[in-house]
Amino acid sequence: MTVDITDPRAAEVIPAAHGLRPRRRIGIGARLTEALRQPVLVLAWLVVLTAAGWALFPWLFTSVSPYEGNPALSFSPPSSEHIFGTDRLGRDLFARSVYGAGTTLTATLLAVLIAFGAGTLVGLIAGYLGGAVDTVIMRVIDVLLSIPSLLLAMVIVSVLGYSTHNIAIAVGISAIASFARVMRSEVIVIVNRDYVRAAYGLGVGRLGVVLRHILPNSLSSVVALAALEIGTSILAVASLGFLGYGAPPPEPEWGLLVAEGRDYLAVYPWISILPGIALALVVIATHRISTSFRKEHRR
Amino acid sequence: MSEQPTARAEGAAVPAEDAAGTKPLLQIAELRIDYRAQGRSWSPAVRGVSLHVDPGETVALVGESGSGKTTLVQGSLGLLPASARVSGGSISYSGVDVTGWRDARMARVRGNYVGFIPQDPNTSLNPVKKIGQQVIEAVAFNERTAASSQEHIDAALESLRTAGLANAERVFHQYPHELSGGMKQRALIAIALAGKPKIIVADEPTSALDVTVQRVILDHLETLRTELGIGILLITHDLGVALDRADRIAVMQRGEIVEHGPVRELIANPSSDYTRRLLAAAPSRHQGRLAPSPGLQPRTPGEGIVVRAEQLRKQYTLRSAGGRSLVNALDGVDLVVRAGTTHAIVGESGAGKSTLASIIAGFATADSGTAWVGERETTSLSHRELREVRRDLQFVFQNPYTSLDPRFTVAKLIAEPLRAFRVATGRAELMTRVRELLRAVALDDSYLQRTTAQLSGGQRQRIAIARALALNPRVIVLDEAVSALDVSVQAQILQLLVDLQTELGLSYVFVTHDLGVVRMIADDVTVMRDGGIVEHGTVQDVFLSPQSDYTRALLGAIPGTRFATV
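From first to last, the protein sequence lines are chains Z and X. If you read the first sequence in full-length UniProt numbering, its first letter stands for residue 1, the second for the next number, and so on. If you read the second sequence in full-length UniProt numbering, its first letter stands for residue 1, the second for the next number, and so on.
Please note: incorrect hints may appear among the correct ones.
[Stated by the list, open to error] Some chain X residues judged to face chain Z by a derived CB distance under 10 Å, without partners named: (1) 362; (2) 363; (3) 365; (4) 370; (5) 383; (6) 420; (7) 477.
[What the hints assert, rightly or not] So the derived label-pair ranges between C-beta atoms look like this: (8) 407(X) x 106(Z): 25 to 35 Å; (9) 207(Z) x 406(X): 53 to 63 Å; (10) 316(X) x 143(Z): 32 to 42 Å; (11) 189(Z) x 50(X): 41 to 51 Å.
[To be verified] Chain X is nowhere near these chain Z residues, computed Cβ spacing over 10 Å in every case: (12) 55; (13) 60; (14) 117; (15) 200.
No lab work stands behind these hints: they were computed from the structure. For every residue, glycine included, the Cβ atom is placed at its ideal position computed from N, Cα and C.
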C-alpha cells in the first residue's frame, strides 16, 4: 500500500467537500432579492427610514414652521394644504409631526443606548463573576423587573424633573433589567465553552478573555433585544410625553401631539388620530424589523 | 410512485412472509436521495447506490462523516427529513417494492419487518417513561390483534431478555437515566426486536459506548443473527468493527459505494484508492509506533522528566434522589512523563483520565497531591503564576468544533498566545511567526483569513495544534485530540504529532479511550479505571504482556484485531 496518508490534502478534501462547504457571504444583490420576497418587511423599512428622515432633516419634508400657527385656520380638517389638518392654534399638524419625530426618536435612541450599555455591563459582570456578586446583582434586577416599567419611569422622571432628556434616561433605566437578564444567561453559556477555557490555557489574561471572547460572542442576542426594545421605548417615551412628563407644550412631541387633541376627539378627531397613526406605524415597523433580525440571529 | 394496486388491508401492508423465499431481505437499487440546497436547487447526498442484505447475513456499510451512509439508511426506512427527497431508484423488502409508500404504511414495515437501532442510546429513549412502557409501546404497535395487556407485558419482558438484559424484570421498571449506556443500547435493541423483525438496521450502534461494552453489544447482535436467522445491516465509521463483524462490506464515499465485497477479499485486494487509504489509516491494523516522515532525523528521547504527579486525589459530589454521594474521580494517582516521549493515559469513560489531564494543565484543582511541570509545582499556583506555566505546557481539546472561537480568523486564532505573552512585537514579526506555525501543521497561507466555519474537522485540529505550538512549549496535553475525527484524518494528525515531536523534541500527555491509537503514538502508557491506575509501563510491555485482567479485556476489545495480521 503506497497511499500517502500524510498528505493533508489527500483526505481532508473529503469532509470539506461535504456538509462543511464554506458558508457563502451573502452579497448585497442577493440580500435585496431576498428582501423583495417579503414586501411587508420592505414597507417596514420604508416607514422607519422615513421617520428617521423626519427626525434628521425635518426641513426637507415640510416648509411650514411647527410653532407658528394661523389662528384663522384653526381646526381645519386634513386637506391638500395641511395634509394632517391644523390644531387649536392653527398650527400645521404635519409639520408638528415631522418635527416631533426628532424629539421622540432621539429620546428613544438615548433610552435604548442607556438600557443596552448598562444592562450588558451588569449582565456581563454578574454572569462572569458568578457567586455572591451574581446573586446580589440578580436580586436587584428581580426587584426592578417586578415594578411595572412605566411606573418606574414615572418615578424616575419625577425625581429628575420633567424634560424629554429625563424621559429618555428614565425609560432607559427601567429597561436595564431585561437586558441584564438576557446578557447574563448568554454569558453563563459562553463562559463554559471550550474556546474560552482554551483561551485561558493559551495564557490570555482574564480581561483579555472577557473582551476578546466572551463579550463578542454573547452580544448577538442582546443586540436582537435592543432592536425589539426600540419599539417599546418609542411607546414609553410617547406615553410619558402624553402624560405631560416631557417637553412643555409648544415643543412638538408625538405623545404630546396626541394629548393635545384629546379634548377635541369627538369633534376634531384628526388632531389626535393622525399623529397617533404615524406613531403606531413606526412602532409596528420597528417591531417587524426586529423580528426579522431575530430570525436571522437564530439561523 | 404509485402504491401497490393490491387492495390489501392496512395491517397486511407488510411484505408477506411467504414472499420472502429467496429474495434478499433488503434490496436497494440505484437509490438516489437529494437534499434541498439554497433556493430551489437540490444537491445529491446518495448517488445511485445499490445494496442488498440476505437472511442470516451481516453487511457493514462503512464510510466517513458526510459520506451519506446515514441518509441512505433513513431513506430505506422512510425516515428522511422533510428537506430530503428520494429522486430515483427503489427500495424493496423481500421483493416487495416500498418506494414512495406513505408514512403510516412505512411505519408498519419498520415495526414488523425492520428493526432500527439508533446511534446514540443516551438520547434515543424517552427520559420520562419507564423502559418497560417504551418496549410495550413497540410490542402493542406491532401486534394490534394481540389481546390482553398481560400478553404485551410478557412479550416486552421476553424482548428485553432476548436483547441480553439478564435482569429484565428490574430494567422493566427503571427509567433510562438509571441505566448505563450499554444497558440503554440493549433496551433499544429490545424495542427493535419487539416486532420480531427479519432484518435489523443498526446506525453506529456502539459509537457512543466504551470498547468493552461495544464488544458485548456486537457479540450479542451476532448471537441474535445466528439464533433468529435475521439479517443485519451495520452502519459504522469504524473499519475495525466492520472487518470484525461483517460478512460483506460496502464502502461509501461521497454518496456512492466505491467498493463492495466479502471481508477477506476486501482486505486482500482492495480495488479502490479510498478503501486502501481507509485500511492504511485504521489504527488497529497498524503495527507499532508511527515512524517520523522521511527526511526527519530520528528522535532521541531526552533525559529527565517533564511532568510528574504524585498522589493526586479529586472527589466530586453527586447529587441524586437518594441524597449526596462522593465519587472518587482520582484516587491517589501518580504519573511520570519522560522528556521527549509520549505518555498515553487510557481508560473507559469515568476512569478519571480527563480529570487527571485537566489537573496537570491547571484547568482543575486537586483535593490533595502534587503535580510538577519541569521543576515548577503547579498544584498550588495562583491564576497569575499559572499563566507563566502555560508557556511550557499547552492543551489541545477533544472537539475542534468547540475549542476555536467561531468569530476569529485562523490568523487571529494562532496569534492569540503570541499576543497574550507579547512574544512577537510588531505586526510583521507576528505574521511571520503565524505563517511559520501554519506551515508546521502542513497548511498554507491561504488559510490565514478563513474563519473556522470554512474548515474541516481535521483542519481545525491542525489550527488548534499550531496554536498550542506558538509559545514553544515543552509539553502538550492532548485530551482525546483525535477522537472526534474520521480515521483517515486521524491518521494524518497522528503523523503530524509524531513529526512535530521529532523536530521539536516535544513531550505529549495523550489522553484517549482508543488503544489502537496508543500503539501508534505512545512510548509509555498508563491504564486507568474508576479513578485509579490499573497498570503502567512502556507500550511494548503493556501491550505484549498485560499484567491485569482489565488491560487484557481492553486489548481484546479493540475492533479489527481479528484481521490485524492479515
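inquiry  = Under the constraints set out in the numbered hints, which ones does this structure not fulfil?
reply    = 3, 4, 9 and 15
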